[in-house]
Amino acid sequence: MAVRSQHPVAAVPTAPVREKSAHLLLRAWCIFVLFLALSGLAWVTAFGEVVAGTVTIASGVVSVTLWLVIRPPVQWRRLPWFPVAYAVWAGLSIAWSQWPGVSALTWLLLLITSVQGLFVAAMLTWHELVRAVASALKWCLGLSLVFEFAVAAFLQGPLLPGFVIPESRAADPIVYWCRGNLFNDGRIQGIYGSANPLAAVCLLAVIVFAIRIAARAPRRVLLAVWVLVAGYLMYRASSATVYLAVVGVAAVLVAVLLMRSAPRPGARAKWYLLFVIVGVGGVLVAWLLRNVIFGALGRSADLTGRESIWQKVLERTAERPVVGWGFATPWIPSDPHFQGWIIDHGQTVMQAHNMWIDVSMQLGIIGVILMALLFLAYVWRAWFFAVDRPRWDLRADRPYSPVTLLPTLVGALLLVQGLSESEPLLLWGWMFVVMLAFKIKQSPHVGMGPIEQRVAIERGELITDEDPPESGEPR
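Under my numbering, the sequence shown has 40 at position 40, and the numbering climbs by one with no breaks.
The set of hints was computed from the structure by calculation and includes no laboratory data.
Careful: at least some of the hints might be erroneous.
The calculated DSSO-like cross-link candidates involving lysine-lysine, where the alpha carbons are at most 30 Å apart (straight line), are [as the list claims (entries may be wrong)]:
{"id": "1", "residue 1": "Lys20", "residue 2": "Lys312"}
{"id": "2", "residue 1": "Lys441", "residue 2": "Lys270"}
{"id": "3", "residue 1": "Lys138", "residue 2": "Lys20"}
As the structure is a prediction and not an experimental result, all values here were calculated from the model.
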């Protein structure tokens, strides 16, 4: 009979660390919150404005309640103050708004989105946050692919919002929720009802899944399959804006890797000079060859009619240039001020298709300055979060974490997208700016900070590693 030795050569075997059920449920709720933002207007298209609004408000109430119950350790002095200032200015605009009802409603949505971004950042560690975003993106991509397949295979025709089957072909396919183009060469729209938001989410998915693979997450082969799915959907969505965003994101990634290769901070000067030369030259070449570039992408040089939209919005901006007409993101087409104001393909336009022009019309030059300061502060912190080696003592050789690339690459995506879309002002675009800015200020090093340590303690772990493993993975 085996007898346990009194002089073991190794530690007594113990069960692996398991996460508490409460934390697993909390992370599941964060995934749902992220999915709610990433799925965009799909809830409105599928179930109507009342259901979508109820779900949005209810989710905000649940998150606030959880925050009050859990009370995570937050350094309130390190809030992302420029997003807060922008939200406050948007709320004050209700006082002089020409559409106060629209301003109040959309400001409530902005407030809920901001709170949700703060909530997710306060509840999850850096690794958990990336993991949760990846899970939410898988739901968005998976549902989009299944939805397109079901419509193309079984319905074999287009589908209207609300799961309504049209009796006859519409004059313009823009009215369709899904056009059933999966098996032909047409553009697909997924659950979003528009190709551009689908393509942007696909690019975000490629970024997040690639970071997970680089961080040596489990099931990397499956993650590579998801990268292929996201790339395929992005190709089928065929968004010229997102194609340009791919170039921008790739350029930023190369710049970060080059900066990381510098042996000392002083050696970065030559790279900064090179980036300025390449950036200015690239913008100049892109402007001079814009007809050729957009022609190759199958688009007109005016970005498919966006210049006419910008002109009309700027004309209204010129009438009240300082404080604007009142917050309205997005424009509510049922309001008399927007209904029939700008028509595109027979539909009332719900945005200016440029976030800077949109902000100038709504909140004036003051709003534009706040937005510029917001992105300047975000890019500044995200850039050094990515290029600086983690250091909080005399040791200067700690390895970089792939997770630190996320804020910078997301910033590049949103800035390029904001040139022809207003999505960075709402839904996942705004939520990610608030969430990542708040997370960087609360935990400037991956694995360090009160939020990171609180979650580790709840799991029964001690933070002793220089680069802790992902949540839920063996150490």
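Okay, the hints, checked on the actual structure:
Between Lys20 and Lys312 the alpha-carbon distance is near 55 Å, which puts this suggested pair outside the 30 Å criterion. This hinted pair checks out: Lys441 and Lys270 have alpha carbons roughly 28 Å apart, not beyond 30 Å. Of the pairs offered as hints, the one joining Lys138 and Lys20 holds, with about 24 Å between alpha carbons and a cut-off of 30 Å not exceeded.
Hint 1 from the earlier list is the only one contradicted by this structure; the remaining hints agree with it.
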